[in-house]
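Q: When the letters of the sequence shown are read in order and numbered with this note's numbering, they come out as residues 1 to 233.
No lab work stands behind these hints: they were computed from the structure. Warning: the hint list may mix true and false statements.
Said to hold, decoys possible - Listed below are the simulated EDC-like cross-link pairs for lysine to aspartate or glutamate, each with C-alpha atoms no more than 16 Å apart in a straight line: (1) LYS105 <-> GLU48; (2) LYS106 <-> ASP96; (3) LYS106 <-> ASP221; (4) LYS106 <-> GLU145; (5) LYS106 <-> GLU225; (6) LYS41 <-> GLU225; (7) LYS106 <-> ASP230; (8) LYS105 <-> GLU225; (9) LYS105 <-> ASP229; (10) LYS106 <-> ASP229; (11) LYS105 <-> ASP230; (12) LYS41 <-> ASP217.
Remember, predicted model here, so these are calculated numbers, not experimental data.
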Amino acid sequence: MSSTNESTTVAKVLAGVAVVLIAIALIPTGGGSVEPGSRPKVVWPAGEPTGPLEDDPWVQAVRTSYLELDIAVATRDFGAPALRDTAWNIQSDTKDSLEEAALDKKWVFSSGPRPLIPIYVNEAPDGRSATVIVCHAAGWYVTAENPEPPTDPIGVLDEMWLTLEDGNRTVDQGREVDADVVLNRMGAEVAEAAEPLLDPREESDCLLDDAPRGYFDPAPDVTLEYSPDDILF
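Based on the sequences and whatever the hints tell you, model everything.
A: See the structure below:
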């Protein structure tokens, strides 16, 4: 073989390898056989949430981050840009929980955005960060065995830390807090805002009776069985 022909052959092989590598790079993480669901709309049968804090941009950012997480659970797609823009640092925990459930042959879905009531917002003096306390529904999921969301959801208190960067408000961290902490360790202003929502029942920290219910359209197929490989990231 001449050196020219040999060089041409090597070039063709390298070009083929490059094409394969590019194709692999374009494949999303997650190689299962079940396609992710389509992004749903949200329907509010009794009207969208209203209240004195709903127009606050930090509250809107928290709602959006929870909504994107719930959509990811419904569609098994944790790679959506909207989710990365609003809940980048907490999305992996939700994905890991979904994968663990799938390994145990437990397939869960979100039927809509979790019921949520904002309680308190504390913005930093420079306006670049804030802490938001909310009451939201825990375990707001549906399954083949329980295809309807709970009528009396358990409410938990979350403290969320957000930052503003390049015009985007992003949830950086969040934690569940006890009602006792909210009442006695966060100051009188927080306690006054939270007290009307606190639930005297032992199994719940806060009440969601007045939180509007929203539902995804189309609703997820709760009979679908998927593996961890079917969850995109």
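Q: If you test the structure against every hint from before, which numbers come out violated?
A: Hints 1 and 6 contradicted; others consistent.
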